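Given the coordinates of chain A, assemble chains B and C onto it according to the supplied hints.
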Amino acid sequence: MPSKGLVTAALGRHRHDRARLIDILRDIQAQAGCVSPEAVAEIAAGLGVSTVAVEGVATFYHFFSARPAGTYAVYLNDNIVSVMKGRAAVAAAFEKAVGCKFGETTPDGRIGLHRTSCIGMNDQEPAALINGVVFTSLTPAKARVIVEGMKAGMDPKAMVASFGDGANASKIVRAMVKNNIRKEGPVVLAPFRSGSAIKKAVKLTPEEVIAEVKKSNLLGRGGAGFPTGLKWEFCRREKGEAHYVVCNADEGEPGTFKDRVILTERPHLLFEGMAVAGYAVGAKEGVLYLRAEYAYLLPYLQKVLADLRKKGLLGKKIAGKTGFSFDITIKLGAGAYVCGEESALLQSAQGERGEPRDRPPFPVSSGYRFLPTTVNNVETLCAAARILEKGGAWFKDMGTARSAGTKVLSVSGDCKKPGVYEVPFGLTVRRLLEMAGGTDARAVQVGGPSGCCISRGQFDRAIAFEDLATGGSVIVIGPQRKLFEVIHNFMEFFVEESCGWCVPCRAGNPLLLRKLEKIMSGKGTPSDIADLESWGKTIKAMSRCGLGQTSPNPILTTIQNFRELYESKVDRNRDFKPEFDLAESVKAASEITGQKLAAHDPENPHA
Amino acid sequence: MPKTKPVLTFTIDGKKCRTSPGQTILEAAKANGIYIPSLCYWEGMKPAGACRICTVRVGGRYMAACTQPAAEGMAVENDVPDIQDMRKAIVEMLFVEGNHMCPTCEKSGNCELQALAYRFQMLVPRFPFQFPVREVEPAGTKILLEHNRCVKCLRCVRGVRTRDNKTVFGALKRSKDKKIAVDQALASALPEKQARQAMDRCPVGSILRKEVGFAVPIGKRKYDKKPIGSEIEKAEG
Amino acid sequence: MSKPVIATASLAGCFGCHMSFLDIDERILDLIDLVEFNKSPIDDIKTFTKPVDVGIIEGGCCNSENVEVLREFRKHCKVLISLGECAIMGGLPAMRNGIPVRECLEEAYFHSPTIDPADPRLMPGDEDLPIILDKVYPLHEIVKIDAYLPGCPPSADLIWKALTSLLEGKPLEIPYSLLKFD
Numbered sequence: 001m002p003s004k005g006l007v008t009a010a011l012g013r014h015r016h017d018r019a020r021l022i023d024i025l026r027d028i029q030a031q032a033g034c035v036s037p038e039a040v041a042e043i044a045a046g047l048g049v050s051t052v053a054v055e056g057v058a059t060f061y062h063f064f065s066a067r068p069a070g071t072y073a074v075y076l077n078d079n080i081v082s083v084m085k086g087r088a089a090v091a092a093a094f095e096k097a098v099g100c101k102f103g104e105t106t107p108d109g110r111i112g113l114h115r116t117s118c119i120g121m122n123d124q125e126p127a128a129l130i131n132g133v134v135f136t137s138l139t140p141a142k143a144r145v146i147v148e149g150m151k152a153g154m155d156p157k158a159m160v161a162s163f164g165d166g167a168n169a170s171k172i173v174r175a176m177v178k179n180n181i182r183k184e185g186p187v188v189l190a191p192f193r194s195g196s197a198i199k200k201a202v203k204l205t206p207e208e209v210i211a212e213v214k215k216s217n218l219l220g221r222g223g224a225g226f227p228t229g230l231k232w233e234f235c236r237r238e239k240g241e242a243h244y245v246v247c248n249a250d251e252g253e254p255g256t257f258k259d260r261v262i263l264t265e266r267p268h269l270l271f272e273g274m275a276v277a278g279y280a281v282g283a284k285e286g287v288l289y290l291r292a293e294y295a296y297l298l299p300y301l302q303k304v305l306a307d308l309r310k311k312g313l314l315g316k317k318i319a320g321k322t323g324f325s326f327d328i329t330i331k332l333g334a335g336a337y338v339c340g341e342e343s344a345l346l347q348s349a350q351g352e353r354g355e356p357r358d359r360p361p362f363p364v365s366s367g368y369r370f371l372p373t374t375v376n377n378v379e380t381l382c383a384a385a386r387i388l389e390k391g392g393a394w395f396k397d398m399g400t401a402r403s404a405g406t407k408v409l410s411v412s413g414d415c416k417k418p419g420v421y422e423v424p425f426g427l428t429v430r431r432l433l434e435m436a437g438g439t440d441a442r443a444v445q446v447g448g449p450s451g452c453c454i455s456r457g458q459f460d461r462a463i464a465f466e467d468l469a470t471g472g473s474v475i476v477i478g479p480q481r482k483l484f485e486v487i488h489n490f491m492e493f494f495v496e497e498s499c500g501w502c503v504p505c506r507a508g509n510p511l512l513l514r515k516l517e518k519i520m521s522g523k524g525t526p527s528d529i530a531d532l533e534s535w536g537k538t539i540k541a542m543s544r545c546g547l548g549q550t551s552p553n554p555i556l557t558t559i560q561n562f563r564e565l566y567e568s569k570v571d572r573n574r575d576f577k578p579e580f581d582l583a584e585s586v587k588a589a590s591e592i593t594g595q596k597l598a599a600h601d602p603e604n605p606h607a
Numbered sequence: 001m002p003k004t005k006p007v008l009t010f011t012i013d014g015k016k017c018r019t020s021p022g023q024t025i026l027e028a029a030k031a032n033g034i035y036i037p038s039l040c041y042w043e044g045m046k047p048a049g050a051c052r053i054c055t056v057r058v059g060g061r062y063m064a065a066c067t068q069p070a071a072e073g074m075a076v077e078n079d080v081p082d083i084q085d086m087r088k089a090i091v092e093m094l095f096v097e098g099n100h101m102c103p104t105c106e107k108s109g110n111c112e113l114q115a116l117a118y119r120f121q122m123l124v125p126r127f128p129f130q131f132p133v134r135e136v137e138p139a140g141t142k143i144l145l146e147h148n149r150c151v152k153c154l155r156c157v158r159g160v161r162t163r164d165n166k167t168v169f170g171a172l173k174r175s176k177d178k179k180i181a182v183d184q185a186l187a188s189a190l191p192e193k194q195a196r197q198a199m200d201r202c203p204v205g206s207i208l209r210k211e212v213g214f215a216v217p218i219g220k221r222k223y224d225k226k227p228i229g230s231e232i233e234k235a236e237g
Numbered sequence: 001m002s003k004p005v006i007a008t009a010s011l012a013g014c015f016g017c018h019m020s021f022l023d024i025d026e027r028i029l030d031l032i033d034l035v036e037f038n039k040s041p042i043d044d045i046k047t048f049t050k051p052v053d054v055g056i057i058e059g060g061c062c063n064s065e066n067v068e069v070l071r072e073f074r075k076h077c078k079v080l081i082s083l084g085e086c087a088i089m090g091g092l093p094a095m096r097n098g099i100p101v102r103e104c105l106e107e108a109y110f111h112s113p114t115i116d117p118a119d120p121r122l123m124p125g126d127e128d129l130p131i132i133l134d135k136v137y138p139l140h141e142i143v144k145i146d147a148y149l150p151g152c153p154p155s156a157d158l159i160w161k162a163l164t165s166l167l168e169g170k171p172l173e174i175p176y177s178l179l180k181f182d
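Protein chains in written order, with our numbering: chain A, 1 to 607; chain B, 1 to 237; chain C, 1 to 182.
The set of hints was computed from the structure by calculation and includes no laboratory data. Please read these numbers as outputs of a predicted model, since none were measured by experiment. By construction, the Cβ of each residue, glycine as well, lies at the ideal position given by its N, Cα and C atoms. Among the hints, erroneous ones may be present.
What follows is a set of in silico ranges between Cβ atoms, one per label pair, in the way DEER data are often shown [claimed, not checked]: (1) B:133 to A:166: 47 to 53 Å; (2) B:45 to A:350: 17 to 23 Å; (3) C:144 to A:48: 57 to 63 Å.
Facing chain C, a subset of chain B residues (Cβ under 7 Å, in silico) [to be verified]: (4) 17; (5) 21; (6) 103; (7) 114; (8) 120; (9) 123; (10) 124; (11) 133; (12) 197; (13) 223.
So that you can see chain A by itself, here it is in the shape it has in the complex (with noise of 0.2 Å):
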C-alpha cells in the first residue's frame, strides 16, 4: 500500500510540477501497484490541485488503478489478431494456474490479469505485457510456465528465455520482441550514417530546410497526410516564446508495429529527424511521446540520445552550427489509444486527461504548452532525415505522383510472412499479399480498424494517399474467419477507447455496437442494416475527432463491402424484431420463485 514516502519521493522527483502528473502517477502505480484514492488525496494536496483534477488523469489511462493490479500485472492483448492466433486458449491457461479471471486479481493480491487493447505486436500474437516486459507467441505451455515463475517470485526480465534480433537482443533491452523486418526500402528502413542529414541541414538556412521537404512532397505518414513542408512552415511563421517539435510515438491503431521496430532499429535517424525540423520551425527542444506499451525501450532510447549528445548531434551548437541547440526529453503514456491524436496526445504530454482539443487553434499555433508546435509521426521525421541526405528530387521520384516515397506497413493476420514491409507507394494489395503468403484471404482491414475492409475483387486497389489511405495497419482476414467477429473486435475497441467527450462517440458507439449484436444474433430485420448505416453516418459527421469521425467505419466499409452478409443474416420478410426475448426475460425471477413460463415464448421459438 503507498505510504506517504511514496508519494513524497515521487513528487520530489517531478519537482511538484503538475505537468508531469502522469509520470508521478507511473511511478506509484508501478511501486504501490495502484493509484489510491488516499494516494490521490496526497498527490492533489502536494500539487495544490483538487482531488477530482488527479482522479481524473488516474482514472483515464488504462495502465493506472485504483485496485491493486498485481504484483505481476497480466495484461494480455485482446485484439483480432491475438484472437486469430489463439489467445481464448492462452488466456484459458492463464486464468487456470493464476486461479483468477481475468479482470481480477488474486487474493493475495500476487498476480492480475488484465486484458488491454493492441500492444504493437501484431506479427507475434498472442503477446501479453507484464509489469511492462513483452512477452510474445505466447502458448498455453508458455503461460503455465510463466506462471510459474511469478509464484516463484522471479523478475518478469528473468523470465524472458530468449531474445529478438537485432537491438531487442542488445544488453539494454533484452527483449524477446521479434523485429520481422521482411522487405527494407530505401527511405526509412535502410542503413543510416547519424549525422549524414543534419550536417547538410544546418549547411542550409531553416527556410531552405523547408523548401526541399515541400520539394519532396512528403506527407504526413500518420494516415492524415498533410504535407509535412508546409506544417513546418506554418509553425515557423508562428511567433511564440518558444517552439516545439513533438513526435508521435503512440501509434495505436491496432494491428500497427512499425513504429516499434523503427524506434528499435532506427532511433537515430528519427531523433535526427526531429533536430531537422527543430532546425527548420526553430525549435529548442523536442518531445518523443512514447506509448506506455513501448516503455520496454526506454532505457534503450535515452542511452542513443545520450550517444548523440556525445557526437555533438544533440544539445548545443549541433552538427559545429553556432547558435542552433536542440534537445529531446521522452514523455510517456499510460494506456490510450486516443492519444494518438495529436492534440489529445499534446494535452497528454503535459499531464492531463488525453481529451482532444478544439481547433481551431491548431497545434502549430497553439499546441505543446500551447505554444508554436509541429506534430510528426515517426516515419514523417525519419523520412525528412532522409529527404535532406538524400534530397528531394531523389524521395520524390519514389512513390506515385501524388504519393511520393515510400511507406512502412505493418503486416499480421492470417499471412504467412507477417512483419514489417516499406514499399513504394502505389504498390496494389495483391502484390502485398503476394510478397507477405496470404493471397488466399478474403478480406484485407486496410488502415486498421479505422480505415476499410476491403473484399478480394478490391486487391487491385493501391496503397496511396490517392486510394488506400493508411498509417500502416493491414490485417490479412484468411478465407476461415468470421468477419463479424473481426467487426465485433473493433466496435468494442472503439467503444472502450472513446475519451468519453463528445456525446456521439461516447453514446454512439455503443448503440452502433449494440445494433450490430442485435443483427449478429439473428434478431435483425433490414431496418437495422439501414440505422447501422444512418447511425454511423450521424457519429461521423458530428464526433469532435478523428477517433468518434472514424469509429463506424468498421461497420459501414463491410457494409459497402460485403453487403451480402449483413444480408444473409436478417430476415428479409419481417418489418420488425425485437432483440426482447421473454424466456430468456423471466429467467432471473424463475430462478427464485420457481414459476415456469407455461409455454415456450411463441415469438422466439428456438430461445
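Positioned in the frame of chain A, the structure of chains B and C alone reads:
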C-alpha cells in the same frame, strides 16, 4: 467613443449575417437573430464542443458552431433537414444513455435537454434505452449529484472554481463510463451563491442544491409555453 | 357503415393515462358517437371479440402477462399507440431496472415491514402468477408500435387531438404546449 469594429459578413442558410472577427458561428448567429441549438454552450464560458448539437456544415464539412470562428464569406448550413435530424439523434442518444425520468425530476420544465427534445418534437428515441446503473451522490453538504441525469456537458467542470482557482468538479474515467465527480471538501466550502450557480448552470437535473426543488409550478416554468431558442429568434423580429 | 373500433389496456402503469383519457370530459359523448369500444377497462370487455382499428396501451411491460397482453393487442389491432411515459420509456416502474431481480423480490417479500409477527415471509411462486421480467421494457422494444403520445399523463387534449386526427385520417401534429414528458 466606441471604435467601429471591423465587420465580416457571412451567410447562414442564405441569410446575410454580420459579425466581428473572432466571434464563433454560434455567437454570431445569436447576434443576427438565428438560433443554433446547443446544450453544452454557456455564454461567457470557454466553449467545450462536447454535445455537438450545434454542429453546422460549411462547404460539406461538419463543425461545432460553438468553437468555430465565423469567417468572411462562409456559407453556413444550419436549419436543414439532415442536420436537424442528426441533432435530434444526439438528443435521443442522451435520453437513452442516462436514466431521464422526467416525471420525477426537479428540473422538468426548466431542463434544457427536455426543452431540446420538445423543440425537435422527440416522441420516442430511435435508440434502445440503456438503463445504466448510476447513483445519487451527496456531494458535500450543499449539493447532490444525480448521476442518472448527467449529460457530461462539462459546464460545472468549466464554470465552478474556488477563489484560488481550483476546479471543484471534474471528469473521471472515459468512454461510456465517464462520470462527473466533485471534490467533496471544496464543494462543502462553496459559498451559497456559487452552489446555486452550479445548480443553475447544470442544463439538466444532475446538480441539485439540497433542500431546493419544484419551486416553480407547472405552467410557469421556463419551457412550458415557448420553445428553447425562441427568445433568440424573437429578438431579431 | 360500422364505426372504428378502439381497445385499451393498462400494463405496468398507474391508470393515470386512462384517467387522463376520461378527462376529455363531455367530448366523451362525441367519442361514443364516433367509435365503438372493444376490450378495455373503460367498458370492462375482457377479451377481443372482433378486429380492432386502434389499440391504446398505457404502462410498460414488467411481467410475462404484460407481454402476453401486449402481443395480443398487436395481433388484433391495426394501429397500436404507446400512451404515456411508462409505455414509451418504462417510466417510474423502470427505476428498478438497475436493481437485480433477486434484490427487488427479497425486499418486497422478505425485508419489507409487516404488522404480522408470524408472517412466514414466503416468496410467492404460484404457477398462475405472472413472472416478473429482468427489467421493465418500453412497449416498442417488444412489439412494433405505430404512434407515441408522451406525457405523465398525456393531457386529455393531446389524447383527443390524436384520436380525432387518426379518425379523420390526418397526420398528427402536436402543438408545442401539448408535448410534455411530465
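Hint-by-hint comparison with the structure:
no.	hint	in the structure
1	B:133 to A:166: 47 to 53 Å	holds, 50 Å
2	B:45 to A:350: 17 to 23 Å	holds, 21 Å
3	C:144 to A:48: 57 to 63 Å	holds, 59 Å
4	17	violated, 26 Å
5	21	violated, 37 Å
6	103	holds, 4 Å
7	114	holds, 6 Å
8	120	violated, 10 Å
9	123	holds, 4 Å
10	124	holds, 5 Å
11	133	holds, 4 Å
12	197	violated, 25 Å
13	223	violated, 9 Å
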